[in-house]
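**Q** Sequence:
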Amino acid sequence: MDEKKYDLEYLERQLHNLSKLVEINRIINSTLDMARLFTIIMEIIKEIMETEASTLFLYDEKTNELVFKVALGEAGDKLQEKYRVKLGQGIAGWVAKERKGIFVNDVYSDNRFDPNFDKQTGFTTRSIICVPLLYKGKLLGVIQAINPTNRPAFTEEDMHLFLAFADQAVLAVQNAIFFEHAIEEARMRHELESAKAIQHSLHPAVADNFGFCTVAARYLPAREVGGEFYEIKQYDNTLAVALCDVHNKGVPGALNAALVNGLMKGLMNVYGNVVSPVFINTLKVVQAHNIKTVSLFFGLIHAQLKTLTFMNTGEAYPVLIRNGIARYLRFSHSIENNKKVVIKLLPGDMFVIVTDGIVNCKNRNARLFGLKQVMDTCCQYNEPSECVDGLLIKVKDFMQGLAQREDISVIAVKIQ
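The numbering used here puts the first residue of the sequence shown at 1, with every later residue one more than the last.
Treat the hints with caution; some may be incorrect.
Calculated cross-link-like contacts (lysine to aspartate or glutamate; reagent style DMTMM-like; alpha-carbon spacing at most 20 Å) [to be verified]:
id : residue 1 : residue 2
1  : 62        : 43
2  : 138       : 65
3  : 362       : 386
4  : 46        : 156
5  : 100       : 65
6  : 136       : 60
7  : 62        : 81
8  : 340       : 315
9  : 82        : 43
Simulated from the structure, these hints should not be mistaken for laboratory data.
Input sequences plus hints: build the corresponding full structure.
**A** Here it is as structure tokens:
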């Protein structure tokens, strides 16, 4: 009975933390101003980790140091450097150098701890939890929470929560860095340039061969930037594929896509090898925070079981091609009634996922390209890269020179 009670309490804490992370993601992505973002992140760290203090260091690549800055002025719109930490110096420096998180519950007994800050400020540090901010493997900085207020020590559960927050914070920090660079390069174009940087980060280069399958993916925004993104990530013998559309274009679409992408990255790091209802439940929370329409396909290919397990809601169209015959996987449901679907795969099978920008594009006669033409076109190709390129060429020819009205995304995966 005690074990069941513990499991229930643990689940309740996890759901509470998830709800907090969704709200936090919205808040930290609400600004691209670095000074304001610093203040928000440090305040949120103290709130979610329930600690006396927090710190955010940025990594200075030129000097190979961590830099701590504070916001100045009534509006907190300027940053002033306070001090620097060399990589390897103190716990924060150790985390930056080793690129991994750590918590220490008696810092003065740990030889990595540097007491100089305590001596200078009169503050007494007892416990620290510290994690790196890594963007595509590149060090952006370090965040740390100091002295828990309602418990004697940090735990592994605290570490899981802090890492999930770091996954979101690093995207916000990187977006803010992109924004600052855009201002420096061209103030009149700062919003568009930052949005382009955000959009680029949402569509990473994809390896074409994962051993048990080959993959190709392309994204074409209707404007300079748009509101769709995909994530493709390997977990041992499984491959996770996510395709999301926030149904908005331009800078607003890119910023909304960045918000949802941060959530998806955090969830994939925790649940990536399981098709969990948490993904769909998160979309419900997102829709409650003013992103009214969002579509998600999330699928998992299992190499040994030869299965595709997926959830699909909204306007993503998955198609299975077997022996030259295409079949539309008609399992899209509303967010409220979404269910998990399992499809058995065979060697040589290829499945293609497209967004409604392809299916609903029109030519000069106002005719729709349509799902049937998607399926017929995909059947003509044996390899994912050929399929993706061939489909996009077909769509371009069909549009007869008309401007693209909707964002277009397509992913093709072939089972070996």
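**Q** Would you mind confirming whether the straight-line C-alpha gap from residue 62 to residue 81 stays at or under 20 Å?
**A** Holds, at about 16 Å.
**Q** Assess, step by step, whether the Cα of residue 100 is no farther than 20 Å from the Cα of residue 65, and give holds or violated.
**A** Holds: residue 100 and residue 65 sit about 17 Å apart, inside 20 Å.
**Q** Between residue 62 and residue 43, is the straight-line Cα distance small enough, at 20 Å or below?
**A** Not satisfied, since the Cα-Cα distance of roughly 28 Å exceeds 20 Å.
**Q** Hey, residue 340 versus residue 315, does the alpha-carbon distance stay inside 20 Å?
**A** holds (17 Å)
**Q** Holds or violated: are the alpha carbons of residue 136 and residue 60 at most 20 Å from each other?
**A** holds (17 Å)
**Q** Compare the distance between the alpha carbons of residue 362 and residue 386 with 20 Å, and conclude whether the hinted pair is satisfied.
**A** At roughly 23 Å apart (the allowed maximum being 20 Å), residue 386 and residue 362 break the hint.
**Q** Has the given pair, residue 46 with residue 156, been kept, meaning a C-alpha gap of at most 20 Å?
**A** holds (17 Å)
**Q** CA of residue 138 to CA of residue 65, is that 20 Å or under?
**A** Between residue 138 and residue 65 the Cα gap is close to 14 Å, so the pair holds against 20 Å.
**Q** Are the Cα atoms of residue 82 and residue 43 separated by 20 Å or less?
**A** holds (18 Å)
In this structure, the earlier hints numbered 1, 3 are contradicted, and the remaining ones agree with it.
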